[in-house]
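So the protein sequences, as listed, match chains A and B.
Letter 60 of the first sequence, counting from 1, is numbered 238 in the numbering used here, and no numbers are missing.
Letter 29 of the second sequence, counting from 1, is numbered 160 in the numbering used here, and no numbers are missing.
Wrong hints could be hidden among the right ones.
Covered by chain B, per the in silico footprint, the following chain A stretches (three or more residues, Cβ under 8 Å) [claimed, not checked]:
no. : region
1   : 189 to 202
2   : 243 to 249
3   : 258 to 267
4   : 274 to 288
Distance ranges between label pairs, derived from CB positions [what the hints assert, rightly or not]:
no. : chain 1 : residue 1 : chain 2 : residue 2 : range
5   : B       : PRO188    : A       : THR229    : 18 to 26 Å
6   : A       : GLU207    : B       : ARG239    : 41 to 49 Å
7   : B       : ALA176    : A       : GLU207    : 40 to 48 Å
8   : A       : ALA290    : B       : ARG236    : 37 to 45 Å
One side only, chain B facing chain A, incomplete, derived with CB under 10 Å [claimed, not checked]:
no. : residue
9   : ASP166
10  : ARG171
11  : GLY173
12  : LEU201
13  : VAL237
14  : ARG241
15  : TRP242
16  : VAL253
These are calculated hints, taken from the structure and not from any lab test.
Ideal placement from N, C-alpha and C gives every residue a C-beta, glycine not left out.
Residues per chain are reported as follows:
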Amino acid sequence: MTFRKYLVLAGITVFSTAGDSLLARGMKELGNVSLHHLSGLLLAVVHPWVTAGILFLLAFFACYMSALSWADLTYVLPATSLAYVLVALVGHFRLHEVISPTRWLGIALIAAGVGFVAAGPSVTPSRQPRDAGRDTVSHEVES
Amino acid sequence: MSELHAWAAIGLIILASTTGDVLLSYSMKRVGDVDELRKRRGLLAVVGRVLRTPTFPLGLMAMGVAFYSLLFGLSWGNLSLVVPASASLTFVANAVAARIFLHERVGRRRWIAALLVAGGVVLMAL
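Produce the complete structure using the sequences and hints provided.
Below, the structure is given as structure tokens:
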């Protein structure tokens with residue numbers, strides 16, 4: 179894993195958090211979408227908050243595709259789950275939301291999970307065992 | 132009623148996003164390391180190669196379904212129910228699907244990571 183690759187993983191985390199928050203804010207302003215008015219759901223994409231959210235999610239998608247080209251799915255997903263922690267911390271420090279002890283415990287569990295997977299290899303050899311194995315070793319040395 | 136809608140949306144999100152993640156991961160593995168490809172052939176070659184991978188549009192479609200299910204779920208249920216419930220279950224579903232369809236070696240380390248994260252997400256929703 180090079181520094182650049184960690185930056186891509188960080189991009190996934192930050193962009194998906196920003197995108198989801200903006201989407202949630204936009205959908206709250208739009209109110210309930212009923213099953214009988216699905217056109218409302220299609221029109222939702224031109225709402226400014228929703229549009230901004232979609233732009234962030236596109237940036238997230240580009241980083242995500244890049245990461246999936248050099249790392250396993252079961253590595254990328256947990257490694258970028260710090261996004262949930264990020265949302266809670268933004269809520270706590272910027273919006274002065276109260277974080278209950280159970281939530282802090284949840285944050286700790288997620289952080290532990292991220293540490294667990296990030297300390298392991300990013301690619302598991304499945305088709306070319308020797309090639310991928312050497313790859314992992316060299317990444318480990320680089321980082 | 133809206134509770135039922137929210138859970139239906141959650142189920143759809145899990146199914147669609149797991150399908151999408153597996154298809155996209157499969158596509159990108161076939162394309163290869165995009166950083167190296169971009170250095171050798173340029174950004175356009177990368178985009179072209181990704182778009183020409185047949186499983187990529189299928190994955191995108193599945194992600195589109197998941198995205199609209201999320202919008203739908205968010206309009207019905209609370210953010211604090213829909214996002215954590217679908218996310219934590221998607222983690223576990225993805226680990227199982229990656230093992231079966233992508234032949235990734237989901238070792239003890241990754242199972243523990245997936246379960247810790249899924250459990251943590253649930254706790255944060257309480």
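What hints, given by number in increasing order, does this structure fail?
-> Hints 8, 10, 11 are the ones this structure does not satisfy, whereas the remaining hints hold.
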